[in-house]
Structures are given as C-alpha cells and as structure tokens.
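Undergrad: Residues per chain are reported as follows:
There are 2 protein chains.
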Amino acid sequence: MASFLIIGAGAVGAFFGSALARSSEPVSVVCRSDYDAVKQNGFAIRSPLLGDHTFRPAQVYRSAEEAGAGYDYVVLTTKVLPQTDRAALLRPAVGAASVIVLIQNGIDIEPEIAAAFPDNELLSAIAFIAVARAGVGQIVHQSFGSLNLGCYPRGITPAAQRFAATFKASGVPCQLTEDVIGARWQKALWNATFNPISILGGVLDTAAILRTAEDQAFVRKAMHEIAAVAAAAGHPITSELIDKLIAATRGMPPYKSSMALDFEHGRPMEIEAILGNVVRTAQRLQVAVPTLDALYALAKMVEGKQMPR
Amino acid sequence: MASFLIIGAGAVGAFFGSALARSSEPVSVVCRSDYDAVKQNGFAIRSPLLGDHTFRPAQVYRSAEEAGAGYDYVVLTTKVLPQTDRAALLRPAVGAASVIVLIQNGIDIEPEIAAAFPDNELLSAIAFIAVARAGVGQIVHQSFGSLNLGCYPRGITPAAQRFAATFKASGVPCQLTEDVIGARWQKALWNATFNPISILGGVLDTAAILRTAEDQAFVRKAMHEIAAVAAAAGHPITSELIDKLIAATRGMPPYKSSMALDFEHGRPMEIEAILGNVVRTAQRLQVAVPTLDALYALAKMVEGKQMPR
Numbered sequence: 124m125a126s127f128l129i130i131g132a133g134a135v136g137a138f139f140g141s142a143l144a145r146s147s148e149p150v151s152v153v154c155r156s157d158y159d160a161v162k163q164n165g166f167a168i169r170s171p172l173l174g175d176h177t178f179r180p181a182q183v184y185r186s187a188e189e190a191g192a193g194y195d196y197v198v199l200t201t202k203v204l205p206q207t208d209r210a211a212l213l214r215p216a217v218g219a220a221s222v223i224v225l226i227q228n229g230i231d232i233e234p235e236i237a238a239a240f241p242d243n244e245l246l247s248a249i250a251f252i253a254v255a256r257a258g259v260g261q262i263v264h265q266s267f268g269s270l271n272l273g274c275y276p277r278g279i280t281p282a283a284q285r286f287a288a289t290f291k292a293s294g295v296p297c298q299l300t301e302d303v304i305g306a307r308w309q310k311a312l313w314n315a316t317f318n319p320i321s322i323l324g325g326v327l328d329t330a331a332i333l334r335t336a337e338d339q340a341f342v343r344k345a346m347h348e349i350a351a352v353a354a355a356a357g358h359p360i361t362s363e364l365i366d367k368l369i370a371a372t373r374g375m376p377p378y379k380s381s382m383a384l385d386f387e388h389g390r391p392m393e394i395e396a397i398l399g400n401v402v403r404t405a406q407r408l409q410v411a412v413p414t415l416d417a418l419y420a421l422a423k424m425v426e427g428k429q430m431p432r
Numbered sequence: 124m125a126s127f128l129i130i131g132a133g134a135v136g137a138f139f140g141s142a143l144a145r146s147s148e149p150v151s152v153v154c155r156s157d158y159d160a161v162k163q164n165g166f167a168i169r170s171p172l173l174g175d176h177t178f179r180p181a182q183v184y185r186s187a188e189e190a191g192a193g194y195d196y197v198v199l200t201t202k203v204l205p206q207t208d209r210a211a212l213l214r215p216a217v218g219a220a221s222v223i224v225l226i227q228n229g230i231d232i233e234p235e236i237a238a239a240f241p242d243n244e245l246l247s248a249i250a251f252i253a254v255a256r257a258g259v260g261q262i263v264h265q266s267f268g269s270l271n272l273g274c275y276p277r278g279i280t281p282a283a284q285r286f287a288a289t290f291k292a293s294g295v296p297c298q299l300t301e302d303v304i305g306a307r308w309q310k311a312l313w314n315a316t317f318n319p320i321s322i323l324g325g326v327l328d329t330a331a332i333l334r335t336a337e338d339q340a341f342v343r344k345a346m347h348e349i350a351a352v353a354a355a356a357g358h359p360i361t362s363e364l365i366d367k368l369i370a371a372t373r374g375m376p377p378y379k380s381s382m383a384l385d386f387e388h389g390r391p392m393e394i395e396a397i398l399g400n401v402v403r404t405a406q407r408l409q410v411a412v413p414t415l416d417a418l419y420a421l422a423k424m425v426e427g428k429q430m431p432r
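So the sequence lines, in the order shown, correspond to chains S and A.
Numbering of the first sequence is given in the numbering used here, commencing with residue 124 and proceeding in unit increments.
Numbering of the second sequence is given in the numbering used here, commencing with residue 124 and proceeding in unit increments.
One thing to keep in mind: the hints can contain errors.
Note: identical chains are not told apart, hence a pair may lie in one copy or across any two.
As the list claims (entries may be wrong) - Straight line, CA to CA, 16 Å or less: simulated EDC-like cross-link-like pairs of lysine to aspartate or glutamate:
(1) Lys344 with Asp416
(2) Lys162 with Glu189
(3) Lys428 with Asp338
(4) Lys379 with Asp231
(5) Lys428 with Glu188
(6) Lys428 with Asp328
(7) Lys428 with Glu337
Quick caveat, the hints were computed from the structure, so don't treat them as lab data.
These numbers come from a predicted model, not from an experiment.
Throw the hints in and build the complete structure from the sequences for me.
TA: Written out as structure tokens, the structure reads:
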C-alpha cells in the first residue's frame, strides 16, 4: 500500500486522483474551492475512459497544513502561475520519505521544486488530457487521458515504476521515460504554439488555427523554433514529429486549448510556464525565436488587458 | 471652379467631401448604403474641426455609372479590399481630363489604378483622421483630420496644388509631399503595427498595446522591420521617427484602430492593403520581417474565423 495526497484537486487532480483510487490505495486531496461539496459528496466524474463514477477521496483537506506530512506520494496538480508559490503549497505535506510528483504544464518547471526539496525524489509527469470542471465537484473528462512520466532530471526509479504501475492498473495509459525533460520539449511543440495562438483573435480553435496552408506553415515555423531551442538544450526533436503533430491536430475535431478556455472564462493563463520559459531558454542559449517572441509579446498584451495589475 | 466626385462616401468620404464643399465648389457623391437618407437630408456631420453641420452634396448617386464622367477630380475613398475592384468602381466616372485621387489606406495601392488609367493624373493621399459613421447619414469626426498628398509615383503638379489649396481653404490641414510613397511608408509604421495587433486578443486599444516596456519594445521591433523594408524600397525612415511615434501614441487617450473597429463590427478588414503588401514587398526585396510575418499570419487566422470563405 502507498498513500497519495493530491494538492490542487481541480479537474486534472480529481481525474488522476480518481484513477489512483481505483487501485484501492488511499488517495486524499487538498481541494480549496469546492471543499464543502467534495467533502460531502466526492467528485462526480464523467469519463469515457474510466466510466461515470464518484470519486470519494480518503480525506478531503482545505490545505496541505491540514493534511500534514506522511504521504508516500505528494502530487501537485495546480496550474503553474507566477503568483502561485508551489514550494509553499507542497511544504507542509512533504515528509522525509515523500516522493513529489508534478502533474503540471510547461517547460523548466522542476528546478524551483528540486531546489526547495533537495532530499526528496522528484517525478515529473506530463498529462495528455482534456478534462474540465463542469460545476461544483463535477468533472467532465472529454478526451485523451494519459501520462508521460520520469524522474527529474532524468532516469526511472522504483518509485516512478510503482507510481506508473498504479495508474496502468487503473486503466490510465502511463508511459515511463528516461528523459522527461525531452518529453516536455516534445509536448511544448503543441503547447507553446496552439495555446498562445488560440487566445489571439478572441478564441481560435484548432480548425481556425490550421485552416489554410499558410496557417499551417506559420504553426510549423513556430514549432521549428521550439525544436531549435530543444536541440540547443540537448533534447533534439525531429522534423517528422512536427509534421505528425500538425497532421494529427488537423485530424481531430476542432479543439480549444486549455489557455483558450482559461481566457474565455477570465481565469489566469499559464503563459509563463508554457511559452515564457521557452523564450527565456532560447535567450539563455542564444537561439533566435522571432515567431515565439511575437506570440509571447502578444499573449502578454492579452493577459495585461484581461488582468490589469 | 473645379468639380469633384467622391466615390465611396462612407465616413472618410463624407468628411473630406464636406470639407471640399465648403469652398463652394460642386461636390457630388456616390453613396450606396445610405443613398436614400443622404439624397434627402445630406450628411449630418459632427466635427470639432469643421463644426457641426449638414453636408448636402451637389448630386447623390447610387453608382459611378449613374454619375457619369466629366468631373475634374474623381476621389476614391473606399476601403482597399481584395474583393473590391477599385478600377471598376472608378471607370465610369473617369474622363480624359479627370484627375484621380485616392484617399485610402495601405502600401502599394496605387500601381493597380495607375495601370488601369495610364493617361490620367493620379494623386495619392494619406488621411490622418478618426471619423466614424454613427448611423444612417450620421458622421462623427473624433480627432485629427489632415491629409498628406502627392502625385504618384512622385512629384507635385498644379492639379495637386489646386486640390490641396481647396482643402486648406476649408480649414483641413493638407500637406503636399514630393515623395508620397515615402509618406505611405511612414504611415505604415503605425498602420501596419497597431492595426493588426489591435485585433489580436479580441480588441486591444493603444493603451493595452503599449502598457509595459516589453510591449513597447515589441511594437518598436515590428516598426524597425517596416523601416527596413521602406529603406530597401528607397524610402528610409529614421529611428527617431519610430521613437516619436510610440511616444506620441502613448500620449494619446486610449484609441482603437480602424481595424479593431472593423473587427468588432464584423466588417471586412484592410489586412492586405495595410500589412499584407508590406510583407509582400519585404519578400520581393528579401528583407527578413519575422515579426510582421507573425502578425500577418495571425491576422489572417482571425479574418478566416470572422469571415469563413
């Protein structure tokens, strides 16, 4: 038996927490906004992958302080935002033997946590999922639903294998990777292009973004800039992957990115984690990324209008 | 006495037509959408520059065919859109002695007209004005209100002087320029940056576009790309002009570009004339404009979503 604490049980945390709980291991959650409803009724989850079911966490807490330390895995599933101190969110729950797991978006999001908890094992996980909170305690899983997971900065440990095995047993595809940073760069191809582009012009779905050959060439150009940064960082990406990704996205039904949904609902957007960190890595490694620079500048203008400081 | 025909009497055409009419020279208009109201009541114009007044054209026509030829000056004030055949709009009204005047936005918008009317004198005029149609036959002049005018491709002729003098006599500042193409490139600094940026993110006004130092650096970078194209085309622009333009825009009250207003109202946008022609000139002259490429690609996506073809 291993014990799990999910910190930040929004849609992503509730979904993956419910998957872990299927293994009959105790899964507790820290859940601020829907605390009362979740404490009383759990999460009502609609999922084509896991079925429609209710996820009743072992314990529901308002904060990590309330949860206390002593969990084998402390899983952080919040958004990565400049105003969120992730180390502070984790600290009360991280014991000497706790494995920290980040199921979060972005590039270069681990160093801050690795520095804050130098003696704990750190797993980094990339979620491929479309899941949303439809109401208080109501989670709707729309599509995809898999994890790509490895130790930070690289490698696969028994703790990582154990974590992945729990997911796989529950029916959630979970791939272990020796090079999780490289996997994040591959995810960034999609994330750092479609997310910012989708908020420009109001809201553009994938069909509006890839409508013409010129549109596709533009997205491809931005992806090649990301690949150049990834290569300079030691994680090369093939041109074929870029072509495959564009073709696959064209093959999907029109899809709104998570950033577009955040924009539409006036919620904070993960611009820094998803795109800003790519641009900063490019600056550090002296890779020219004029298209990404433009997307970043424009996304920041949109954010500044949405959330005046 | 000179006679004038304004083709495309929207807000810009009505405003400048009313200015010409102050000189007591006959000004007729071709006015499609508000024909009945304008025929009956003229244009009700509110203007801090010309005063609130009614402009009753000498004649109001539904089309240039109806107007016929015989005007000294045939003035085109429509938007420049790919779907608008400007030569066809002009043709019925252009006689052997007619001077054609374009009061229109954009770069490289004259060659098509010069080629269609090789034997007519062609004046090219750049309007600095914020003026809008507030209702049927209702024109509201908000700010600015001047013309910069020259012969195409360059020079100043008696016909240009005569046209400018008529404006000046009516109280509208009208500057003659030997190099109207260079003047268009200078105008493009603002037009080809603030217009497309303003439609990204929904609608951004000038304050949202220039909020932070990073925002200003981004706009400056785009303007320097335009200056590089202008220089390659033989019309150099100083760096000081760019700084002055950004400072002046920051000094103005928050302002929505004409493209932003068109976007908000679901009207066609002058993306090709204002930005596409800059990008195409850059390609022809092999000047790298990655920021403009990004703005153009994104603006086309927004247009494609707004006006599915």
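Undergrad: Looking back at the hints listed earlier, which ones does the structure fail to meet?
TA: 4, 5
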